[in-house]
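A.B. asks: Following the hints, complete the assembly by docking chain C onto the known chain L.
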Amino acid sequence: MRVVRSILVLAALGVLACNAVAEAPAIGAAAPDFQLTALDGKAFSLSSAAKAHKAVVVMFISTQCQYSNAYNDRMKDMANAYASRGVQFVGINSNKTEDAAEVASHAKSHGHTFPIMKDPDNKVADLYDTRHTPTVYVVDSQGKLRYAGRIDDQTKAADVTSPDLKNALESLLANQPIAKTTTKAFGCSIKRV
Amino acid sequence: MSVPGHGIWVSGGRAIVALLVLSSLAAASRSRLAGELDASALKQTVAREKGRVVLLNFWATWCVPCREEFPELSKLQTRHQREGLRVIGVSTDFPKERAAVEKFLAGERPSFPNYRKKSGGDDQDFIEAVDSSWGGELPFSVLYDRAGKKVRVYSGSLPLAGAEKEIRRLLAAR
Chain L
0 MRVVRSILVL AALGVLACNA VAEAPAIGAA APDFQLTALD GKAFSLSSAA KAHKAVVVMF
60 ISTQCQYSNA YNDRMKDMAN AYASRGVQFV GINSNKTEDA AEVASHAKSH GHTFPIMKDP
120 DNKVADLYDT RHTPTVYVVD SQGKLRYAGR IDDQTKAADV TSPDLKNALE SLLANQPIAK
180 TTTKAFGCSI KRV
Chain C
0 MSVPGHGIWV SGGRAIVALL VLSSLAAASR SRLAGELDAS ALKQTVAREK GRVVLLNFWA
60 TWCVPCREEF PELSKLQTRH QREGLRVIGV STDFPKERAA VEKFLAGERP SFPNYRKKSG
120 GDDQDFIEAV DSSWGGELPF SVLYDRAGKK VRVYSGSLPL AGAEKEIRRL LAAR
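Chains L and C, in that order, are what the protein sequence lines are.
For the first sequence, counting from 1, position 150 maps to 149 in numbering that gives the first Met the number 0; every step adds exactly one.
For the second sequence, counting from 1, position 121 maps to 120 in numbering that gives the first Met the number 0; every step adds exactly one.
One chain only, chain L, in its complex shape:
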């Protein structure tokens, strides 16, 4: 009996381990909900934010990754530009190598006033199977995932030919189908625990 119980416990642990990193959520499906505390101490819930806005842009960012840093100004500009149109931008830092103080200092120096959260034990990154920074997700007011991928196709703002996040938001706000719902770009692997 004890052996059977041990096997059951091990099997349960195995299931938990397998579930630790989920599969990437599908476009059109419910975006996995999460709650985190922002650096300013305020609680953030994705489902609540989605209900209160036309869209929420969840950005996985880094303080040290050059690819992520290449987008600092664009993150700030887009967050400011879309705030008045009912879109909330939030930043998530899942890197174990970048602590809260460093993330706060980075946000201040780059004028990032949108909510930024540390993701302890990279649980939210695992929930979305997010592998690198920067990666962005657009969640609509129904809590459905509508876009996943890059901000645009070029690290140099002047060379952008495909502003993918902007295109997705414009389509969403105009109640039009999003032409490109998933995109890819180079980035830095998230340093997981």
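Think of the hints as simulated: they come from the structure by calculation, not from any bench.
C-beta: ideal position from N, C-alpha, C; glycine also.
Treat the hints with caution; some may be incorrect.
What the hints assert, rightly or not - A short list of chain C residues far from chain L (calculated; beta carbon distances all over 10 Å):
(1) 31
(2) 35
(3) 36
(4) 42
(5) 49
(6) 51
(7) 59
(8) 77
(9) 102
(10) 134
(11) 135
(12) 138
(13) 151
(14) 161
(15) 170
Said to hold, decoys possible - Label-pair distances were calculated between CB atoms; the ranges are:
(16) C/130 x L/165: 42 to 52 Å
(17) C/70 x L/143: 25 to 35 Å
(18) L/51 x C/31: 50 to 60 Å
(19) L/109 x C/33: 28 to 38 Å
(20) C/95 x L/96: 18 to 28 Å
(21) L/44 x C/130: 28 to 38 Å
(22) C/46 x L/155: 40 to 50 Å
(23) C/131 x L/46: 30 to 40 Å
(24) C/98 x L/169: 35 to 45 Å
(25) C/158 x L/178: 52 to 62 Å
(26) C/74 x L/179: 20 to 30 Å
(27) C/32 x L/128: 29 to 39 Å
(28) L/23 x C/31: 50 to 60 Å
(29) C/46 x L/110: 42 to 52 Å
C.D. replies: Just chain C now, with coordinates in the frame of chain L:
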């Protein structure tokens, strides 16, 4: 330019400038990069290695885990060179960081060839061409068997012990 009493210094100065220019030209011609590759040229490069086991590694100078695993890739190449392993590195650094790439390679002196991803185009096309499961994260490695068939991809840092075991298995299969 003529400065009374300083003619020798001026001509000496010109010679030094000329030497510096020549030396920088020579350094440029001694690039440690094997060349630039787009997705198509990369496929051809891997195909040319048919008969060897190939480990393709994508890296960047600013990518800390890439830098950390780089010396291990060199050791891996050296350990299994005679059995037929070919490690190939591909830098995905920004075009403006070519000097940083050269400096990094000069310091590392890798035992395997390194290319630079050709600038321009949409990175997504390059990423998809390498492997559809690749999201663009670095480092990223792809292992091919002697027939040139893709056997495995490694997202993030290479799990060295496991990867070497797999490489040994592929090298043993003739």
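A.B. asks: Work down the list of hints and note, for each, if the structure agrees.
C.D. replies: Hints, verified against the model:
1. Against chain L, the non-interface label of residue 31 of chain C holds: every CB pair exceeds 10 Å, the least being about 21 Å.
2. Once the 10 Å rule is applied to beta carbons, residue 35 of chain C is consistent with being away from chain L; the minimum gap is 16 Å.
3. The beta carbon of residue 36 of chain C is kept farther than 10 Å from every beta carbon of chain L, the shortest such distance being approximately 15 Å.
4. Residue placement check: residue 42 of chain C keeps its beta carbon more than 10 Å from all beta carbons of chain L (closest about 18 Å).
5. Non-interface status of residue 49 of chain C relative to chain L is upheld: no Cβ of that chain comes within 10 Å, the nearest being about 28 Å off.
6. Residue-level check passed: residue 51 of chain C sits 27 Å from the nearest beta carbon of chain L, beyond 10 Å.
7. The beta carbon of residue 59 of chain C is not kept farther than 10 Å from every beta carbon of chain L, the shortest such distance being approximately 8 Å.
8. With a least CB separation of 26 Å from chain L, residue 77 of chain C remains clear of the 10 Å interface cut-off, as annotated.
9. No beta-carbon of chain L comes within 10 Å of the beta-carbon of residue 102 of chain C; the shortest separation is about 16 Å.
10. The Cβ of residue 134 of chain C sits about 5 Å from the closest Cβ of chain L, inside the 10 Å cut-off, so the non-interface label is violated.
11. Not every C-beta of chain L lies more than 10 Å from that of residue 135 of chain C, the closest at about 5 Å, which undercuts listing it as non-interface.
12. At roughly 7 Å, the least C-beta separation between residue 138 of chain C and chain L is not larger than 10 Å, which violates its mark as non-interface.
13. Every C-beta of chain L lies more than 10 Å from that of residue 151 of chain C, the closest at about 17 Å, which supports listing it as non-interface.
14. Listed as a non-interface residue, residue 161 of chain C keeps its Cβ farther than 10 Å from every Cβ of chain L; the least gap is roughly 17 Å.
15. Interface exclusion of residue 170 of chain C from chain L stands, the closest Cβ pair being 27 Å apart, more than 10 Å.
16. A beta carbon spacing of about 28 Å between residue 130 of chain C and residue 165 of chain L contradicts the range 42 to 52 Å that was offered as a hint.
17. Checked against the hint of 25 to 35 Å, the C-beta distance between residue 70 of chain C and residue 143 of chain L comes to roughly 46 Å, which is inconsistent with it.
18. Range check, residue 51 of chain L to residue 31 of chain C: about 54 Å between beta-carbon atoms, so the 50 to 60 Å window is met.
19. Between residue 109 of chain L and residue 33 of chain C the C-beta distance comes to about 37 Å, which sits within the given range of 28 to 38 Å.
20. In this structure, residue 95 of chain C and residue 96 of chain L meet the distance hint of 18 to 28 Å, their C-beta atoms being roughly 25 Å apart.
21. Distance hint check: the CB atoms of residue 44 of chain L and residue 130 of chain C are about 36 Å apart, consistent with the given range 28 to 38 Å.
22. As the Cβ distance of residue 46 of chain C to residue 155 of chain L is approximately 32 Å, the hint placing it in 40 to 50 Å is violated.
23. The supplied range of 30 to 40 Å is met by residue 131 of chain C and residue 46 of chain L, whose beta-carbon atoms lie about 31 Å from each other.
24. Residue 98 of chain C and residue 169 of chain L have their C-beta atoms about 39 Å apart, which keeps the hinted 35 to 45 Å range intact.
25. A hinted range of 52 to 62 Å for the beta carbons of residue 158 of chain C and residue 178 of chain L is inconsistent with their spacing of about 38 Å.
26. Separated by about 42 Å at the C-beta atoms, residue 74 of chain C and residue 179 of chain L break the suggested range of 20 to 30 Å.
27. Checked against the hint of 29 to 39 Å, the pair residue 32 of chain C and residue 128 of chain L passes, with Cβ atoms roughly 33 Å apart.
28. Evaluation of the 50 to 60 Å hint for residue 23 of chain L and residue 31 of chain C yields a failure: the beta carbon distance comes to about 37 Å.
29. Here the CB-CB span from residue 46 of chain C to residue 110 of chain L is close to 48 Å, well matched to the stated 42 to 52 Å.
Checked against the numbered hints above, the structure breaks hints 7, 10, 11, 12, 16, 17, 22, 25, 26 and 28 and satisfies the rest.
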